[in-house]
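Chemist: Work out the full structure, taking the sequences as your base and the hints as a guide.
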Amino acid sequence: MSKTIDEAPGAVRSARRAGRRRMSSRSKKEAFYFWLFISPWLIGFVGFLLGPMIASVYISFTEWDSFTPPEWVGLDNYVKALTGDPVFWKALGNTFYYALISVPLGLVIGVWLANLLNKRVRGRKLFRTFIYLPTLVPLVATAMVFKMVLAPSGPLNELLGWFGIEGPNWLLDPTWVKPALIVLSAWGAGGATVLLLSAMNGIPRELYEAAEIDGASAWRQFWSVTFPQITPVIFFNLIMGLIGSFQIFSQVYILTAGGPDNASQMMVPLLFREAFSFYHFGYASAVAWLLFIVIMAFTLIAFRTSRSWVFYEQEVR
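Using UniProt numbering, read the sequence shown as starting at 1 and increasing by one per residue.
In short, the hints are calculated from the structure, not lab data. Any given hint could be a false lead.
Pairwise CB distance ranges (calculated) [said to hold, decoys possible]:
1) Gly93 - Pro228: 30 to 36 Å
2) Gly123 - Tyr33: 46 to 52 Å
3) Pro228 - Phe45: 33 to 39 Å
4) Leu160 - Gly244: 45 to 51 Å
Cβ coordinates follow ideal geometry from the N, Cα and C atoms, glycine included.
Modeler: Structure follows, in structure tokens:
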């Protein structure tokens, strides 16, 4: 009997070691299947994203026309962009102008439309569909339509003429070309509207009932109940809008090609022109990385400032 008791701890240890071996074998098998299933994404990520990014960093320090071997020039491309190329600063200023107006405008329109579509009115499902439809139209097709709408004798100027207003030459006037692009950006506010509407639908009805009991008006209910609850979605749209606006390309390329006199030139069309029109791939890569730094800086600023206005519902402990 005492011998059996003495042998018990050893048997337990042996059972534990056998269990660990089985778990180790199972973990290895799970790890194998994990890497097997993510391998298509991993190969695509390395081959089409990470690899080109690393190559772009190297190319930005060279002078390369894609026909001859790259020639190392160090920081010359970055120095040229920052000190010797007025078009770079023009494009950067235009991009700032576009981003700092189009993004807030899109958010305001999205919140306004979502608030309207959140009301219990007849046919609101149909209205929601109409609001979202423009985001389904390819951007190239939308730009081509707007090119006709914004023509000197287009529908927009004809409409202004009915009120005795002489419409400008939207796409050929340096004063009006950037506002025209901003108007085009507002056309796609339906995507943000859908997300904001979903956030509004998730707000507990009890909060509105409590506000009504306290005598809050509809405007006060929006600012005290609705707006704080949807700030995370507003913040998400802000980040995505900033990144998208700094990377604007198709609208500029199709409507203006950066003209007139670089009045609508943006960063991505600029680096595209340098790379594929002038074959300055090294300089274009440097411009791309400078744009990356600008986007990261604005994103970090947005995240740091979000602490003061984005409301996250805390878990009750």
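Chemist: Each hint needs a verdict: does it hold in this structure or not?
Modeler: Structure-based check of all given hints:
no.: 1; hint: Gly93 - Pro228: 30 to 36 Å; result: 35 Å, holds
no.: 2; hint: Gly123 - Tyr33: 46 to 52 Å; result: 50 Å, holds
no.: 3; hint: Pro228 - Phe45: 33 to 39 Å; result: 37 Å, holds
no.: 4; hint: Leu160 - Gly244: 45 to 51 Å; result: 29 Å, violated
Hint check: a violation occurs at hint 4 only; the rest are consistent with the structure.
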